[in-house]
Amino acid sequence: MGTSLIHPTAIVSPEASLGDNVEIGPFTIVHGNVRISGDSTIESFCEIGYPANDPGSHEMLEIGSHSRIRSHSVLYEGSRFGDGLVTGHRVTVREGTKAGRNLQIGTLGDIQGHCQIGDYVRLHSNVHIGQQSVIGSYVWIFPYVVLTNDKHPPSEILNGVTLEDYVVIATMSVVLPGVRIKEGALVGAHSSVSKDVEANSVVAGSPAKFICETHEIKFKDDAGTSAYPWRRHFHRGYPPEAVLEWISEFS
Amino acid sequence: MGTSLIHPTAIVSPEASLGDNVEIGPFTIVHGNVRISGDSTIESFCEIGYPANDPGSHEMLEIGSHSRIRSHSVLYEGSRFGDGLVTGHRVTVREGTKAGRNLQIGTLGDIQGHCQIGDYVRLHSNVHIGQQSVIGSYVWIFPYVVLTNDKHPPSEILNGVTLEDYVVIATMSVVLPGVRIKEGALVGAHSSVSKDVEANSVVAGSPAKFICETHEIKFKDDAGTSAYPWRRHFHRGYPPEAVLEWISEFS
Amino acid sequence: MGTSLIHPTAIVSPEASLGDNVEIGPFTIVHGNVRISGDSTIESFCEIGYPANDPGSHEMLEIGSHSRIRSHSVLYEGSRFGDGLVTGHRVTVREGTKAGRNLQIGTLGDIQGHCQIGDYVRLHSNVHIGQQSVIGSYVWIFPYVVLTNDKHPPSEILNGVTLEDYVVIATMSVVLPGVRIKEGALVGAHSSVSKDVEANSVVAGSPAKFICETHEIKFKDDAGTSAYPWRRHFHRGYPPEAVLEWISEFS
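Heads up: the sequence lines are chains F, E and R, in that order. Per the working numbering, the very first residue in the first sequence carries number 2; after that it's consecutive. Per the working numbering, the very first residue in the second sequence carries number 2; after that it's consecutive. Per the working numbering, the very first residue in the third sequence carries number 2; after that it's consecutive.
Be aware that one or more of the hints could be misleading.
Note that the list lumps identical chains together, so a pair holds whenever it fits in one copy or between two copies.
Claimed, not checked - Below are the BS3-like pairs computed for lysine-lysine, each with C-alpha atoms no more than 27 Å apart in a straight line:
1) K221 - K99
2) K99 - K219
3) K99 - K210
4) K152 - K221
5) K221 - K196
6) K152 - K183
7) K152 - K219
8) K221 - K210
9) K152 - K210
10) K196 - K183
11) K210 - K183
In short, the hints are calculated from the structure, not lab data.
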């Protein structure tokens, strides 16, 4: 188990594979079908590698290095996360989730599994990701957003949502089954998106309608600076190489 | 305690009544005022039989056989569930909930108690059921739906919502106090239902308005098959006798 | 540690300051940077005084006397609560929250920190309070309400929401960044509030529009009694001196 630091009250299967400098907090359970890479922390009251119901999902749960899983979270077996996964408290991630690097899942996040997530995606608190969702990289989803998948619930036909790179979905919005939101588009708060959204456009309302191009949204406090694409001005938490590319893109 | 399997870290009151083949997971607390019937599993980090504030609600918590309570859930004393209760993670059910057979409550479900729920009801993730709600059988409620009860909040006058059999409420919808949604009706996503809904009709919007009859909604992929009543085609998880009845109903 | 009652499975730092008659439940963690005043209860599976990321937020977590923190809750260091704090289950409160007396936070509440909350505030289940929110006294917020703060997400410019005394926000509503809702105003269910709301007025819809004055809303069952201001008739849980003042105000 390398040089891992396991709290005496934790219950860690001897079959779990823990890298160097992995810390397991009090009262946390780690099942056997789990690989946690180095320099990661699993906090208190978590259950990691929870057995999947789905008999085809007994693959290993893989968590990349430099990850931090906050308290009371449950991660199922059969999912895979790149390096730098960070979660809030009480996160649930079911089997079949395939995520890239540096995913952040906020407190109360509920990932239903069988979905794809790119790199550097940010899910704020209490986001619900339905099965068959396909999420690109550098996407932002704000609290109480639901990505749906069943056009005629309940049915056996799932049509996941697709969010391309740099998409932003503001709080309390629903994206209906099969909808594709194209690169850099923005969905306003409290919207219900029933049709595909063009790249770099803003939609809002229920049903959501086209409002303007994203570059037409200006900061009030600055002299006419566009608020979008957000990568022009918002750089916190991103890798230097991405930020340098973004800076050169807009200079 | 029959042949129950209690994890050594669990704290189980000697007054709790556990049937044969009941499993209690790690770090779980079972209070005394509880009866769990056979072949049931209570997973980790749960608190079962949590004492009710309400002095009139110190009845026993009764959980039927073949039930499964997933991790981090809290069930109060003074509620009663038929056989085959299944919950997701982090479910809260307060006192005075009277539910039939095979209720499924999704992750983060919040049942406020003092409510009635029929047989084979499906609550997806993060559903909020207000006090005085009356829910029939074979009902489906999707994520982030709220059943309210107070017309002029805050007040002391509660008017619960009534959902008749086979009702479906899609994600992120609110049902306002005292509303009755009649048999087989469908509420579209992101709706606010302020008036009674007729049987087998579809309503949507905020406030929700009549859209069409449910049988007018067709699957895109099939040659004109109606998506509703859903019991015509969706049978997963239901008992054979119900499915046989549904098949003969539509043949 | 006075005469505190610490469950043998709890992990309590010797540096934590606990008043007389403080009870710490099973499997609960109390960090060192915490002061809990007398006659308070911390229930099971909680983590109290969770270390803040923000290096400027390593102040002590202070919880007033006669408080009750229900199970599975997480309270960060660097926050301060007056006497009589009561929470539901699975509450999260981050650093920099400064709250007055007798705050109630419902199950699944998510307080993002760096916010101010007055006295006798009631947050029902699953309320999300964004950073920089300023909430007066005697405010009511119902389930699945989000107070936002970022006009052009993601950005580094936060504009919190202000709710004045006696404001009521009904379920599943969003208050957009920088909005001020003035004393005694009421926001209807499933609304999105994008502009300031005048005192004692009712707004609803998405975007929310003026409906009427609050006093024009009458109870159906009584002969023309106004439902608002609610303090005229709803007194449960308030201190006798406030209730006496309210009674004299309307007599």
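Hints versus structure:
Proximity of K221 to K99 under the C-alpha cut-off of 27 Å is found in neither arrangement, the shortest distances being 39 Å within a copy and 29 Å between copies. Taking the shortest alpha-carbon separations for K99 and K219, neither the intra-copy value of 36 Å nor the inter-copy value of 33 Å comes in at or below 27 Å. Within a single copy, K99 and K210 get their C-alpha atoms no closer than 32 Å, and across copies no closer than 40 Å, so neither meets the 27 Å cut-off. In this assembly of identical chains, K152 and K221 lie within 27 Å of each other by CA distance solely across copies; the values are 10 Å between and 39 Å within a copy.
For the identical chains of this complex, K221 and K196 are inter-copy neighbours only, at 15 Å across copies versus 30 Å inside a copy, given an alpha-carbon limit of 27 Å. In the homo-oligomer, the alpha carbons of K152 and K183 lie at most 27 Å apart both inside one protomer (20 Å) and across protomers (21 Å), since each shortest distance falls under that limit. Only between protomers do K152 and K219 lie at most 27 Å apart by alpha-carbon distance; the minimum there is 10 Å, versus 36 Å within a single protomer. Taking the shortest Cα distances, K221 and K210 sit within 27 Å of each other both inside one copy (23 Å) and across copies (23 Å).
Taking the shortest alpha-carbon separations for K152 and K210, both the intra-copy value of 20 Å and the inter-copy value of 19 Å come in at or below 27 Å. When the C-alpha separation of K196 and K183 is checked against a cutoff of 27 Å, the pair qualifies only within one copy, where the shortest distance is 11 Å, while the shortest distance between copies is 29 Å. In this homomeric assembly, K210 and K183 come within 27 Å of each other (Cα to Cα) only inside a single copy, at 15 Å, whereas the closest approach across copies is 30 Å.
Hint compliance for this structure: hints 1, 2 and 3 are broken, all remaining hints hold.
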